[in-house]
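Enquirer: Take the sequences, apply the hints, and build the full model.
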Amino acid sequence: MLGDKGIRDSQLSANELIQLLREMWRIRLFEESLERLYAAGEIHGTMHLCIGQEGTAVGSALALSKGDWITSTHRNHGHALAKGTNMQKMYAEILGRKTGTNQGKGGSMHIAEQAVGNLGGNGIVGGNFPIATGAALSAQLQGTQDVVLCYSGDGATNEGSFHEALNLAAIWQLPVIFLIENNQYGMSSAIQEMVKIKELSTRSQSYGMPGITIDGNDVLAVYDVTQKAVADARQGLGPTLIEALTYRQRGHSKSDKRAYRSQTEETLWAEKFDPIKNFETRLRQAKIITATEITELIQVEAEIIEELIKVVKSEPRPTAADLMTDVYASEEYHYEKINLS
1 MLGDKGIRDS
11 QLSANELIQL
21 LREMWRIRLF
31 EESLERLYAA
41 GEIHGTMHLC
51 IGQEGTAVGS
61 ALALSKGDWI
71 TSTHRNHGHA
81 LAKGTNMQKM
91 YAEILGRKTG
101 TNQGKGGSMH
111 IAEQAVGNLG
121 GNGIVGGNFP
131 IATGAALSAQ
141 LQGTQDVVLC
151 YSGDGATNEG
161 SFHEALNLAA
171 IWQLPVIFLI
181 ENNQYGMSSA
191 IQEMVKIKEL
201 STRSQSYGMP
211 GITIDGNDVL
221 AVYDVTQKAV
231 ADARQGLGPT
241 LIEALTYRQR
251 GHSKSDKRAY
261 RSQTEETLWA
271 EKFDPIKNFE
281 TRLRQAKIIT
291 ATEITELIQV
301 EAEIIEELIK
311 VVKSEPRPTA
321 ADLMTDVYAS
331 EEYHYEKINL
341 S
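Oh and the sequence shown: position 72 is 72 in the UniProt record's numbering, straight run, nothing missing.
All clues stand as given, with none of them false.
With a straight-line Cα cutoff of 20 Å, these simulated EDC-like cross-link-like pairs (lysine to aspartate or glutamate) come out: (1) K287 x E16; (2) K98 x D322; (3) K228 x D9; (4) K98 x E315; (5) K105 x D326.
Source of the hints: derived by calculation from the structure; they are not laboratory data.
Expert: What follows is the structure in structure tokens.
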């Protein structure tokens, strides 16, 4: 497993390192605000939070270019924000407003914004693997040099679509990176009870592609490994499978009482392996940021979030007339529009 990269060994500037911290806090505060809104009955349906997994989202997204694409899962908020999805539109979507990324009709699991390369979350476990592989094939055929980053959870690696997508991507040497966020549980099932292997990344060997397991709570380790995988994909060297070890500090969804794991376990991960706390410590020790500056950074992000929520709550909801809109494409697409020569 790769991890524990020193701050001073990083190629990133001090400002870039602080920006990583800011983005992780933005995701954490966003998710905590949703937790409060859900408890207040202002969000309908279910909710899958990524609190504790911010390092994986931020580190991997930093390795991408603006023209690159991501596909995500039901737990997609962190990925969306890290890729640059408009936060106000995300709030609007989750709160069921017409101004949302999907006009308020998709909700929490279906955040998407193609303008920034976000092909969307997916309510079907493993449903995004074929989408990512197809997007990578499109990039390859059109010669765009774009790369696709496909996020998944550990549970999805037992779905047929995972194996089908990896096999096809390997055969055709597609520019796609499969990143498994192993947060230790698929719903209530511990990963060690669901697979016999110690590292999910070793499944890459079945398809003849590189595989690596990393500390998903080390934002710099995630960045370094993803950057290498992205560079390989862009150079035509094909896909990579990355397993990022992390931990969801909340339940699978908001109805999950987490009876399948102990409070001791949760406390250990929150106190010893929290990606934000550990990165803050490293930045302070390297004298890149002070505790006071961290407090100020958090306050700024929190104020932005509270203001956005106020604005979004005043925005309109979809009406019955909107029910059948955005169902069919507004333009006919033909194969001849893509130059395959």
